[in-house]
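Visitor: Sequence:
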Amino acid sequence: MMSSKLLKRRAVQPWLYRKTEPFFNNLSAGYARALAGFMNYRWLAFVIIFISGFLIYFLLGSLPSELAPLEDRSEFRFQAQAPEGATFEYMDNYVNAMYEFVADEVPEVMGVLSITSPSFGGGGAANSGFLKVMLKDPSERDRTQQEIVDDLTPKARKFTGVRTFISQSQTIGDRRGGFPVQVVVQASDIEKLKAVLPAFLEKANESPKFTFVDLDLKFNKPEINIIINREKARNLGVNVIDISQTLQLGLSGSRFGNFIMDGKQYQIIGQVEKKNRNEPLDLKTLYVRNKRGEIIQLDNLVTVVEQSSPPQLYRFNRYSSAKVSAQPAPGVALADGIAEMERIADEVLDETYSTSLSGASREFAESSSSIYMAFLLALAIIYLVLAGQFESFKDPLIIMFTVPLALAGALVSLWYANQTMNIFSQIGIIMLIGLVTKNGILIVEFANQRKSQGLSVMDSVIGAAESRFRPIIMTSLSTILGILPIALALGAGSESRVSMGIAVIGGMLFATVLTLFVIPAIYSYFSGKEARVTID
94 MMSSKLLKRR
104 AVQPWLYRKT
114 EPFFNNLSAG
124 YARALAGFMN
134 YRWLAFVIIF
144 ISGFLIYFLL
154 GSLPSELAPL
164 EDRSEFRFQA
174 QAPEGATFEY
184 MDNYVNAMYE
194 FVADEVPEVM
204 GVLSITSPSF
214 GGGGAANSGF
224 LKVMLKDPSE
234 RDRTQQEIVD
244 DLTPKARKFT
254 GVRTFISQSQ
264 TIGDRRGGFP
274 VQVVVQASDI
284 EKLKAVLPAF
294 LEKANESPKF
304 TFVDLDLKFN
314 KPEINIIINR
324 EKARNLGVNV
334 IDISQTLQLG
344 LSGSRFGNFI
354 MDGKQYQIIG
364 QVEKKNRNEP
374 LDLKTLYVRN
384 KRGEIIQLDN
394 LVTVVEQSSP
404 PQLYRFNRYS
414 SAKVSAQPAP
424 GVALADGIAE
434 MERIADEVLD
444 ETYSTSLSGA
454 SREFAESSSS
464 IYMAFLLALA
474 IIYLVLAGQF
484 ESFKDPLIIM
494 FTVPLALAGA
504 LVSLWYANQT
514 MNIFSQIGII
524 MLIGLVTKNG
534 ILIVEFANQR
544 KSQGLSVMDS
554 VIGAAESRFR
564 PIIMTSLSTI
574 LGILPIALAL
584 GAGSESRVSM
594 GIAVIGGMLF
604 ATVLTLFVIP
614 AIYSYFSGKE
624 ARVTID
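Start counting the sequence shown at 94; every next residue gets the next number (our numbering).
Certain hints may be false.
To be verified - Listed below are the simulated BS3-like cross-link pairs for lysine-lysine, each with C-alpha atoms no more than 25 Å apart in a straight line:
{"id": "1", "residue 1": "K416", "residue 2": "K314"}
{"id": "2", "residue 1": "K287", "residue 2": "K416"}
{"id": "3", "residue 1": "K311", "residue 2": "K296"}
{"id": "4", "residue 1": "K248", "residue 2": "K229"}
{"id": "5", "residue 1": "K296", "residue 2": "K377"}
{"id": "6", "residue 1": "K368", "residue 2": "K314"}
{"id": "7", "residue 1": "K314", "residue 2": "K325"}
{"id": "8", "residue 1": "K287", "residue 2": "K311"}
{"id": "9", "residue 1": "K251", "residue 2": "K296"}
{"id": "10", "residue 1": "K225", "residue 2": "K251"}
{"id": "11", "residue 1": "K311", "residue 2": "K416"}
{"id": "12", "residue 1": "K302", "residue 2": "K251"}
{"id": "13", "residue 1": "K314", "residue 2": "K296"}
{"id": "14", "residue 1": "K314", "residue 2": "K285"}
{"id": "15", "residue 1": "K416", "residue 2": "K302"}
{"id": "16", "residue 1": "K384", "residue 2": "K325"}
{"id": "17", "residue 1": "K251", "residue 2": "K311"}
Simulated from the structure, these hints should not be mistaken for laboratory data.
When you get a sec, could you build the whole thing from the sequences and use the hints?
Guide: In C-alpha coordinates form, the structure reads like this:
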(Lines of atoms letter the chains of each structure in order from A; the text may use other names.)
(Lines give C-alpha, C1' and ligand atoms only; values in the text may rest on other atoms or scores of the structure.)
Protein backbone atom coordinates (compact mmCIF):
# COMPACT_ATOMS: atom_id res chain seq x y z
CA MET A 94 0.00 0.00 0.00
CA MET A 95 2.79 2.42 0.89
CA SER A 96 4.48 1.73 -2.46
CA SER A 97 1.27 2.52 -4.35
CA LYS A 98 1.02 5.87 -2.58
CA LEU A 99 4.67 6.93 -2.58
CA LEU A 100 6.06 5.54 -5.84
CA LYS A 101 5.07 7.26 -9.07
CA ARG A 102 5.65 6.46 -12.71
CA ARG A 103 8.30 8.75 -14.15
CA ALA A 104 9.04 9.50 -17.78
CA VAL A 105 12.60 10.40 -16.86
CA GLN A 106 14.33 8.78 -13.89
CA PRO A 107 16.17 10.96 -11.32
CA TRP A 108 19.83 11.72 -11.93
CA LEU A 109 20.96 9.49 -9.05
CA TYR A 110 19.18 6.53 -10.64
CA ARG A 111 20.74 7.27 -14.01
CA LYS A 112 24.21 7.47 -12.44
CA THR A 113 24.00 4.32 -10.30
CA GLU A 114 21.86 2.01 -12.44
CA PRO A 115 24.64 1.17 -14.95
CA PHE A 116 26.87 0.13 -12.07
CA PHE A 117 24.25 -2.20 -10.61
CA ASN A 118 23.42 -3.62 -14.04
CA ASN A 119 27.08 -4.39 -14.64
CA LEU A 120 27.32 -5.91 -11.15
CA SER A 121 24.32 -8.15 -11.83
CA ALA A 122 25.71 -9.17 -15.21
CA GLY A 123 29.08 -9.96 -13.67
CA TYR A 124 27.42 -12.10 -11.01
CA ALA A 125 25.43 -13.97 -13.68
CA ARG A 126 28.63 -14.81 -15.57
CA ALA A 127 30.44 -15.84 -12.37
CA LEU A 128 27.52 -18.03 -11.28
CA ALA A 129 27.32 -19.74 -14.67
CA GLY A 130 31.01 -20.53 -14.48
CA PHE A 131 30.76 -21.75 -10.88
CA MET A 132 27.88 -24.09 -11.70
CA ASN A 133 30.18 -25.91 -14.09
CA TYR A 134 32.25 -26.80 -11.02
CA ARG A 135 29.40 -26.89 -8.53
CA TRP A 136 31.10 -29.64 -6.51
CA LEU A 137 33.28 -26.84 -5.13
CA ALA A 138 30.31 -25.92 -2.93
CA PHE A 139 31.01 -28.96 -0.77
CA VAL A 140 34.67 -27.99 -0.57
CA ILE A 141 33.67 -24.52 0.63
CA ILE A 142 31.35 -26.01 3.25
CA PHE A 143 34.08 -28.42 4.38
CA ILE A 144 36.58 -25.56 4.70
CA SER A 145 33.99 -23.57 6.66
CA GLY A 146 33.50 -26.49 9.03
CA PHE A 147 37.25 -26.83 9.51
CA LEU A 148 37.57 -23.10 10.28
CA ILE A 149 34.73 -23.35 12.79
CA TYR A 150 36.36 -26.30 14.55
CA PHE A 151 39.82 -24.71 14.57
CA LEU A 152 38.81 -21.18 15.59
CA LEU A 153 36.39 -22.26 18.32
CA GLY A 154 39.30 -24.00 19.99
CA SER A 155 41.87 -21.27 19.42
CA LEU A 156 39.90 -18.06 19.96
CA PRO A 157 40.38 -16.71 23.50
CA SER A 158 37.18 -16.82 25.53
CA GLU A 159 35.94 -14.65 28.38
CA LEU A 160 32.68 -13.59 29.98
CA ALA A 161 32.75 -10.03 28.63
CA PRO A 162 35.48 -7.59 27.54
CA LEU A 163 36.52 -4.99 30.07
CA GLU A 164 35.00 -1.57 29.50
CA ASP A 165 36.92 1.66 29.94
CA ARG A 166 35.05 2.96 33.00
CA SER A 167 37.76 5.55 33.76
CA GLU A 168 38.57 3.99 37.14
CA PHE A 169 40.53 1.18 38.76
CA ARG A 170 41.50 0.03 42.24
CA PHE A 171 45.03 -0.05 43.64
CA GLN A 172 44.94 -2.40 46.62
CA ALA A 173 47.50 -3.35 49.26
CA GLN A 174 47.61 -5.96 51.99
CA ALA A 175 50.08 -5.99 54.87
CA PRO A 176 51.00 -8.91 57.15
CA GLU A 177 48.41 -9.86 59.76
CA GLY A 178 48.70 -7.71 62.85
CA ALA A 179 49.94 -4.58 61.03
CA THR A 180 48.99 -1.34 62.78
CA PHE A 181 46.92 1.47 61.34
CA GLU A 182 49.98 3.74 61.20
CA TYR A 183 51.94 1.10 59.29
CA MET A 184 49.16 0.70 56.73
CA ASP A 185 48.48 4.43 56.46
CA ASN A 186 52.11 5.15 55.56
CA TYR A 187 51.92 2.70 52.67
CA VAL A 188 48.60 4.07 51.46
CA ASN A 189 50.10 7.57 51.38
CA ALA A 190 53.10 6.23 49.46
CA MET A 191 50.74 4.54 46.99
CA TYR A 192 48.93 7.85 46.53
CA GLU A 193 52.19 9.64 45.71
CA PHE A 194 53.11 6.82 43.33
CA VAL A 195 49.83 7.15 41.40
CA ALA A 196 50.12 10.94 41.27
CA ASP A 197 53.60 10.67 39.73
CA GLU A 198 52.94 7.81 37.29
CA VAL A 199 49.42 8.61 36.05
CA PRO A 200 49.05 12.11 34.60
CA GLU A 201 45.54 11.17 33.44
CA VAL A 202 44.26 10.93 37.02
CA MET A 203 41.28 13.11 37.89
CA GLY A 204 40.76 12.10 41.52
CA VAL A 205 41.83 9.52 44.09
CA LEU A 206 39.86 8.10 47.01
CA SER A 207 42.13 6.45 49.58
CA ILE A 208 40.92 4.24 52.43
CA THR A 209 43.17 2.78 55.12
CA SER A 210 42.09 -0.26 57.15
CA PRO A 211 38.53 -0.38 55.79
CA SER A 212 37.36 -2.73 58.58
CA PHE A 213 37.02 0.31 60.85
CA GLY A 214 33.93 1.28 58.89
CA GLY A 215 33.10 -1.83 56.92
CA GLY A 216 33.89 -5.48 56.43
CA GLY A 217 37.43 -5.32 55.08
CA ALA A 218 40.63 -6.40 56.78
CA ALA A 219 42.39 -4.07 59.22
CA ASN A 220 45.73 -4.79 57.55
CA SER A 221 44.60 -3.62 54.12
CA GLY A 222 44.01 -0.43 52.22
CA PHE A 223 43.18 0.68 48.72
CA LEU A 224 43.00 3.60 46.34
CA LYS A 225 40.09 4.12 44.00
CA VAL A 226 41.65 5.99 41.09
CA MET A 227 39.31 8.02 38.88
CA LEU A 228 40.63 8.92 35.43
CA LYS A 229 39.71 11.61 32.97
CA ASP A 230 37.19 10.83 30.26
CA PRO A 231 38.58 8.65 27.45
CA SER A 232 38.32 11.58 25.04
CA GLU A 233 40.65 13.65 27.26
CA ARG A 234 43.51 11.14 27.53
CA ASP A 235 45.85 9.37 25.13
CA ARG A 236 46.06 6.05 26.98
CA THR A 237 43.21 3.65 27.61
CA GLN A 238 42.38 2.38 31.07
CA GLN A 239 43.88 -1.02 30.21
CA GLU A 240 47.14 0.54 29.00
CA ILE A 241 47.46 2.51 32.24
CA VAL A 242 46.88 -0.61 34.34
CA ASP A 243 49.37 -2.64 32.29
CA ASP A 244 51.97 0.10 32.80
CA LEU A 245 51.40 0.37 36.57
CA THR A 246 51.27 -3.36 37.38
CA PRO A 247 55.03 -4.12 37.13
CA LYS A 248 55.98 -0.78 38.70
CA ALA A 249 53.76 -1.42 41.73
CA ARG A 250 56.02 -4.29 42.80
CA LYS A 251 58.45 -1.79 44.33
CA PHE A 252 56.32 -1.77 47.49
CA THR A 253 58.05 -4.55 49.40
CA GLY A 254 56.40 -4.19 52.81
CA VAL A 255 52.94 -4.99 51.46
CA ARG A 256 51.41 -7.03 48.66
CA THR A 257 50.01 -4.71 46.01
CA PHE A 258 47.80 -5.43 43.04
CA ILE A 259 45.67 -3.47 40.60
CA SER A 260 42.21 -4.59 39.56
CA GLN A 261 39.49 -3.33 37.27
CA SER A 262 35.72 -3.63 37.57
CA GLN A 263 34.25 -6.48 35.57
CA THR A 264 31.76 -5.56 32.86
CA ILE A 265 29.40 -8.31 34.05
CA GLY A 266 29.36 -9.71 37.57
CA ASP A 267 31.44 -8.44 40.48
CA ARG A 268 31.88 -4.66 40.13
CA ARG A 269 34.11 -4.36 43.22
CA GLY A 270 37.34 -5.05 41.39
CA GLY A 271 37.75 -8.74 42.23
CA PHE A 272 39.95 -11.07 40.21
CA PRO A 273 38.19 -12.83 37.30
CA VAL A 274 39.84 -16.25 37.76
CA GLN A 275 38.46 -17.82 40.95
CA VAL A 276 38.75 -21.51 41.87
CA VAL A 277 37.49 -22.96 45.16
CA VAL A 278 39.52 -25.87 46.57
CA GLN A 279 37.46 -28.13 48.86
CA ALA A 280 38.57 -30.73 51.40
CA SER A 281 37.10 -32.67 54.31
CA ASP A 282 38.94 -30.63 56.96
CA ILE A 283 41.12 -27.58 57.35
CA GLU A 284 44.31 -29.58 57.93
CA LYS A 285 44.09 -31.17 54.48
CA LEU A 286 43.78 -27.70 52.94
CA LYS A 287 46.73 -26.45 54.97
CA ALA A 288 48.85 -29.31 53.65
CA VAL A 289 48.21 -28.69 49.95
CA LEU A 290 47.64 -24.94 49.55
CA PRO A 291 51.33 -23.88 49.66
CA ALA A 292 52.17 -26.15 46.72
CA PHE A 293 49.07 -24.98 44.84
CA LEU A 294 49.98 -21.31 45.33
CA GLU A 295 53.60 -21.95 44.34
CA LYS A 296 52.53 -23.50 41.04
CA ALA A 297 50.07 -20.67 40.36
CA ASN A 298 52.65 -17.97 41.10
CA GLU A 299 55.15 -19.67 38.79
CA SER A 300 52.67 -19.73 35.91
CA PRO A 301 53.31 -17.01 33.30
CA LYS A 302 49.57 -16.77 32.68
CA PHE A 303 48.96 -14.92 35.97
CA THR A 304 50.32 -11.60 37.17
CA PHE A 305 48.96 -11.90 40.71
CA VAL A 306 47.59 -14.80 42.76
CA ASP A 307 45.78 -14.44 46.08
CA LEU A 308 44.21 -16.79 48.63
CA ASP A 309 41.37 -15.95 50.99
CA LEU A 310 42.34 -18.63 53.55
CA LYS A 311 45.55 -17.24 55.05
CA PHE A 312 47.27 -18.87 58.01
CA ASN A 313 48.82 -15.60 59.15
CA LYS A 314 46.90 -14.56 62.25
CA PRO A 315 49.26 -14.65 65.27
CA GLU A 316 47.93 -16.93 67.97
CA ILE A 317 49.18 -18.29 71.28
CA ASN A 318 48.21 -21.79 72.30
CA ILE A 319 48.40 -22.34 76.07
CA ILE A 320 48.89 -26.01 76.95
CA ILE A 321 48.03 -26.87 80.57
CA ASN A 322 49.84 -29.65 82.36
CA ARG A 323 46.70 -31.09 83.91
CA GLU A 324 48.45 -33.72 86.03
CA LYS A 325 50.77 -31.16 87.61
CA ALA A 326 47.91 -28.72 88.14
CA ARG A 327 45.90 -31.46 89.90
CA ASN A 328 48.83 -32.30 92.17
CA LEU A 329 49.22 -28.62 93.11
CA GLY A 330 45.49 -28.23 93.73
CA VAL A 331 44.78 -25.87 90.82
CA ASN A 332 41.63 -26.24 88.72
CA VAL A 333 41.73 -25.68 84.96
CA ILE A 334 38.81 -23.26 85.27
CA ASP A 335 40.86 -21.14 87.68
CA ILE A 336 43.68 -20.88 85.13
CA SER A 337 41.29 -19.82 82.33
CA GLN A 338 39.57 -17.25 84.56
CA THR A 339 42.93 -15.80 85.60
CA LEU A 340 43.93 -15.35 81.95
CA GLN A 341 40.58 -13.84 81.05
CA LEU A 342 40.51 -11.37 83.93
CA GLY A 343 44.11 -10.35 83.42
CA LEU A 344 44.09 -9.88 79.65
CA SER A 345 40.57 -9.30 78.34
CA GLY A 346 39.70 -6.09 80.17
CA SER A 347 36.57 -7.40 81.86
CA ARG A 348 34.19 -5.20 83.84
CA PHE A 349 34.40 -5.87 87.60
CA GLY A 350 31.73 -3.43 88.69
CA ASN A 351 30.70 0.23 88.81
CA PHE A 352 31.33 3.20 91.04
CA ILE A 353 29.67 6.59 91.34
CA MET A 354 31.61 9.83 91.56
CA ASP A 355 30.18 13.35 91.35
CA GLY A 356 26.81 11.93 90.47
CA LYS A 357 28.09 9.96 87.47
CA GLN A 358 28.47 6.20 87.18
CA TYR A 359 31.74 4.73 85.88
CA GLN A 360 32.72 1.17 85.01
CA ILE A 361 35.58 -0.62 86.75
CA ILE A 362 37.75 -2.33 84.13
CA GLY A 363 40.45 -4.68 85.36
CA GLN A 364 43.48 -5.63 83.28
CA VAL A 365 47.22 -6.22 83.60
CA GLU A 366 49.31 -3.21 82.66
CA LYS A 367 50.26 -3.07 79.00
CA LYS A 368 53.99 -3.33 79.69
CA ASN A 369 53.34 -6.64 81.46
CA ARG A 370 51.29 -8.22 78.65
CA ASN A 371 53.13 -7.27 75.45
CA GLU A 372 55.16 -10.47 75.08
CA PRO A 373 53.97 -14.09 74.98
CA LEU A 374 56.27 -14.98 77.87
CA ASP A 375 54.43 -12.44 80.05
CA LEU A 376 51.62 -14.97 80.36
CA LYS A 377 53.82 -17.18 82.49
CA THR A 378 54.37 -14.39 85.02
CA LEU A 379 50.73 -14.41 86.09
CA TYR A 380 49.75 -16.16 89.31
CA VAL A 381 46.83 -18.36 90.27
CA ARG A 382 45.58 -19.38 93.72
CA ASN A 383 45.10 -23.09 94.49
CA LYS A 384 42.58 -24.74 96.79
CA ARG A 385 44.82 -24.23 99.82
CA GLY A 386 45.10 -20.50 99.16
CA GLU A 387 48.69 -20.68 97.95
CA ILE A 388 49.92 -18.47 95.07
CA ILE A 389 51.40 -20.46 92.18
CA GLN A 390 53.04 -18.95 89.09
CA LEU A 391 51.58 -20.09 85.78
CA ASP A 392 55.08 -20.85 84.53
CA ASN A 393 54.87 -24.03 86.61
CA LEU A 394 51.61 -25.15 85.02
CA VAL A 395 51.43 -24.09 81.37
CA THR A 396 53.46 -24.20 78.17
CA VAL A 397 53.09 -21.34 75.68
CA VAL A 398 53.26 -22.23 71.98
CA GLU A 399 53.19 -19.53 69.30
CA GLN A 400 51.35 -20.48 66.11
CA SER A 401 49.28 -18.98 63.32
CA SER A 402 45.73 -19.64 62.24
CA PRO A 403 43.36 -18.22 59.61
CA PRO A 404 41.43 -15.09 60.63
CA GLN A 405 38.26 -16.81 59.40
CA LEU A 406 37.23 -20.18 58.01
CA TYR A 407 35.29 -20.75 54.81
CA ARG A 408 32.94 -23.50 53.74
CA PHE A 409 31.66 -24.34 50.27
CA ASN A 410 29.08 -27.07 49.66
CA ARG A 411 29.50 -28.06 53.34
CA TYR A 412 33.22 -28.69 52.88
CA SER A 413 36.16 -26.73 54.24
CA SER A 414 37.29 -24.54 51.38
CA ALA A 415 39.78 -21.97 50.19
CA LYS A 416 39.34 -19.68 47.20
CA VAL A 417 42.33 -19.10 44.93
CA SER A 418 41.95 -15.90 42.88
CA ALA A 419 44.21 -14.75 40.06
CA GLN A 420 44.62 -11.87 37.65
CA PRO A 421 45.35 -13.11 34.10
CA ALA A 422 48.44 -11.72 32.44
CA PRO A 423 47.99 -9.28 29.53
CA GLY A 424 46.77 -11.18 26.50
CA VAL A 425 45.53 -14.17 28.55
CA ALA A 426 41.77 -14.69 28.32
CA LEU A 427 39.55 -15.85 31.15
CA ALA A 428 39.07 -19.31 29.65
CA ASP A 429 42.85 -19.80 29.42
CA GLY A 430 43.23 -18.73 33.06
CA ILE A 431 40.57 -21.20 34.18
CA ALA A 432 42.20 -23.97 32.15
CA GLU A 433 45.57 -23.19 33.77
CA MET A 434 44.03 -23.37 37.26
CA GLU A 435 42.42 -26.70 36.43
CA ARG A 436 45.77 -28.01 35.15
CA ILE A 437 47.45 -27.01 38.41
CA ALA A 438 44.64 -28.64 40.40
CA ASP A 439 45.06 -31.91 38.48
CA GLU A 440 48.79 -31.80 39.12
CA VAL A 441 48.73 -30.91 42.83
CA LEU A 442 45.47 -32.31 44.23
CA ASP A 443 44.56 -35.96 44.65
CA GLU A 444 41.13 -37.58 44.46
CA THR A 445 40.25 -36.60 48.05
CA TYR A 446 40.01 -32.94 46.98
CA SER A 447 37.49 -31.27 44.72
CA THR A 448 37.36 -27.91 42.96
CA SER A 449 34.61 -25.55 41.86
CA LEU A 450 34.50 -22.24 40.04
CA SER A 451 33.37 -19.04 41.70
CA GLY A 452 32.68 -15.41 40.82
CA ALA A 453 33.24 -14.34 37.22
CA SER A 454 34.67 -17.76 36.36
CA ARG A 455 31.48 -19.51 37.42
CA GLU A 456 29.33 -17.01 35.50
CA PHE A 457 31.50 -17.56 32.42
CA ALA A 458 31.13 -21.34 32.59
CA GLU A 459 27.36 -21.13 33.08
CA SER A 460 26.87 -18.60 30.29
CA SER A 461 29.00 -20.64 27.87
CA SER A 462 26.94 -23.78 28.37
CA SER A 463 23.63 -21.93 28.10
CA ILE A 464 24.63 -19.96 24.99
CA TYR A 465 25.47 -23.11 23.04
CA MET A 466 22.12 -24.59 23.99
CA ALA A 467 20.45 -21.39 22.78
CA PHE A 468 22.37 -21.69 19.50
CA LEU A 469 21.16 -25.26 18.92
CA LEU A 470 17.62 -24.29 19.90
CA ALA A 471 17.66 -21.40 17.41
CA LEU A 472 18.77 -23.76 14.64
CA ALA A 473 16.03 -26.24 15.49
CA ILE A 474 13.28 -23.60 15.63
CA ILE A 475 14.30 -22.01 12.33
CA TYR A 476 14.45 -25.39 10.62
CA LEU A 477 11.00 -26.41 11.89
CA VAL A 478 9.44 -23.06 10.95
CA LEU A 479 10.90 -23.26 7.44
CA ALA A 480 9.78 -26.88 7.12
CA GLY A 481 6.24 -25.78 7.89
CA GLN A 482 6.37 -22.89 5.42
CA PHE A 483 7.90 -24.90 2.58
CA GLU A 484 5.96 -28.06 3.45
CA SER A 485 9.23 -29.91 2.96
CA PHE A 486 12.15 -31.09 5.07
CA LYS A 487 14.55 -30.89 2.12
CA ASP A 488 14.28 -27.20 1.20
CA PRO A 489 14.95 -25.94 4.77
CA LEU A 490 18.00 -28.20 4.88
CA ILE A 491 19.34 -26.48 1.75
CA ILE A 492 18.74 -23.08 3.36
CA MET A 493 20.50 -24.13 6.58
CA PHE A 494 23.77 -24.53 4.65
CA THR A 495 24.08 -20.74 4.97
CA VAL A 496 24.70 -21.11 8.73
CA PRO A 497 28.21 -22.67 8.60
CA LEU A 498 29.24 -20.06 6.03
CA ALA A 499 28.13 -17.24 8.33
CA LEU A 500 29.61 -18.84 11.44
CA ALA A 501 32.99 -19.32 9.74
CA GLY A 502 32.94 -15.70 8.57
CA ALA A 503 32.11 -14.45 12.07
CA LEU A 504 34.91 -16.45 13.70
CA VAL A 505 37.48 -15.42 11.07
CA SER A 506 36.49 -11.77 11.59
CA LEU A 507 36.84 -12.07 15.37
CA TRP A 508 40.25 -13.69 14.96
CA TYR A 509 41.45 -11.06 12.47
CA ALA A 510 40.23 -8.18 14.67
CA ASN A 511 41.92 -9.71 17.75
CA GLN A 512 38.60 -10.05 19.56
CA THR A 513 37.50 -12.72 22.03
CA MET A 514 34.64 -15.15 22.14
CA ASN A 515 32.40 -13.62 24.80
CA ILE A 516 28.74 -13.25 25.60
CA PHE A 517 28.34 -10.32 23.18
CA SER A 518 29.99 -12.06 20.23
CA GLN A 519 27.94 -15.17 20.99
CA ILE A 520 24.73 -13.13 20.88
CA GLY A 521 25.86 -11.69 17.55
CA ILE A 522 26.44 -15.19 16.17
CA ILE A 523 22.93 -16.24 17.20
CA MET A 524 21.58 -13.13 15.44
CA LEU A 525 23.41 -14.26 12.31
CA ILE A 526 21.32 -17.42 12.06
CA GLY A 527 18.19 -15.43 11.34
CA LEU A 528 19.91 -12.77 9.27
CA VAL A 529 21.68 -15.04 6.78
CA THR A 530 18.97 -17.65 6.28
CA LYS A 531 16.80 -15.05 4.54
CA ASN A 532 19.30 -15.06 1.65
CA GLY A 533 18.76 -18.76 1.15
CA ILE A 534 15.00 -18.34 1.51
CA LEU A 535 14.89 -15.78 -1.30
CA ILE A 536 16.77 -18.08 -3.69
CA VAL A 537 15.06 -21.37 -2.80
CA GLU A 538 11.53 -19.95 -2.82
CA PHE A 539 11.88 -18.31 -6.23
CA ALA A 540 13.65 -21.39 -7.63
CA ASN A 541 10.68 -23.52 -6.55
CA GLN A 542 8.31 -21.12 -8.31
CA ARG A 543 10.30 -21.28 -11.54
CA LYS A 544 10.52 -25.07 -11.32
CA SER A 545 6.73 -25.28 -10.97
CA GLN A 546 6.51 -23.41 -14.30
CA GLY A 547 8.24 -26.34 -16.02
CA LEU A 548 11.85 -25.16 -16.01
CA SER A 549 14.68 -27.53 -15.20
CA VAL A 550 16.36 -27.50 -11.80
CA MET A 551 19.51 -25.86 -13.16
CA ASP A 552 17.64 -23.15 -15.09
CA SER A 553 15.32 -22.54 -12.13
CA VAL A 554 18.01 -21.99 -9.54
CA ILE A 555 20.32 -19.94 -11.79
CA GLY A 556 17.45 -17.67 -12.82
CA ALA A 557 16.28 -17.37 -9.20
CA ALA A 558 19.76 -16.42 -7.98
CA GLU A 559 20.15 -13.80 -10.73
CA SER A 560 16.70 -12.34 -10.02
CA ARG A 561 17.25 -12.21 -6.25
CA PHE A 562 20.81 -10.88 -6.47
CA ARG A 563 19.92 -7.22 -5.96
CA PRO A 564 17.41 -7.80 -3.11
CA ILE A 565 19.99 -9.94 -1.31
CA ILE A 566 22.70 -7.28 -1.74
CA MET A 567 20.37 -4.48 -0.59
CA THR A 568 19.11 -6.26 2.53
CA SER A 569 22.58 -7.45 3.51
CA LEU A 570 24.12 -4.02 2.96
CA SER A 571 21.43 -2.32 5.03
CA THR A 572 22.02 -4.78 7.87
CA ILE A 573 25.79 -4.25 7.74
CA LEU A 574 25.45 -0.46 7.76
CA GLY A 575 23.02 -0.66 10.67
CA ILE A 576 25.46 -2.74 12.74
CA LEU A 577 28.52 -0.67 11.74
CA PRO A 578 28.29 1.87 14.65
CA ILE A 579 28.52 -1.04 17.11
CA ALA A 580 31.63 -2.40 15.40
CA LEU A 581 33.24 1.07 15.40
CA ALA A 582 32.70 1.40 19.19
CA LEU A 583 30.81 4.66 18.90
CA GLY A 584 29.35 5.86 22.19
CA ALA A 585 30.17 5.48 25.87
CA GLY A 586 30.77 1.97 27.12
CA SER A 587 30.58 0.51 23.63
CA GLU A 588 33.97 -1.24 23.78
CA SER A 589 32.42 -4.42 25.13
CA ARG A 590 29.97 -4.60 22.22
CA VAL A 591 32.59 -4.27 19.47
CA SER A 592 32.87 -8.04 19.20
CA MET A 593 29.13 -8.31 18.55
CA GLY A 594 29.31 -5.87 15.64
CA ILE A 595 32.41 -7.50 14.17
CA ALA A 596 30.84 -10.96 14.38
CA VAL A 597 27.63 -9.85 12.66
CA ILE A 598 29.33 -7.79 9.94
CA GLY A 599 31.98 -10.42 9.22
CA GLY A 600 29.43 -13.20 9.13
CA MET A 601 27.11 -11.22 6.86
CA LEU A 602 29.89 -10.38 4.40
CA PHE A 603 31.14 -13.96 4.16
CA ALA A 604 27.69 -15.50 4.04
CA THR A 605 26.30 -13.01 1.51
CA VAL A 606 29.10 -13.59 -0.98
CA LEU A 607 29.31 -17.36 -0.56
CA THR A 608 25.55 -17.93 -0.34
CA LEU A 609 25.09 -16.51 -3.83
CA PHE A 610 27.19 -19.40 -5.16
CA VAL A 611 26.88 -22.23 -2.64
CA ILE A 612 23.09 -22.30 -2.25
CA PRO A 613 22.38 -22.61 -6.02
CA ALA A 614 24.92 -25.45 -6.23
CA ILE A 615 23.47 -27.27 -3.21
CA TYR A 616 19.95 -26.75 -4.56
CA SER A 617 20.92 -28.36 -7.86
CA TYR A 618 22.06 -31.48 -5.99
CA PHE A 619 19.32 -31.90 -3.39
CA SER A 620 16.19 -30.47 -4.99
CA GLY A 621 13.83 -32.87 -6.71
CA LYS A 622 13.61 -32.96 -10.49
CA GLU A 623 9.88 -32.33 -10.46
CA ALA A 624 7.99 -29.50 -8.82
CA ARG A 625 5.76 -30.26 -5.84
CA VAL A 626 2.08 -30.07 -6.74
CA THR A 627 -0.46 -29.15 -4.08
CA ILE A 628 -3.86 -30.83 -4.50
CA ASP A 629 -6.79 -28.95 -3.01
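Visitor: Which earlier hints can't be squared with this structure?
Guide: 5 and 7
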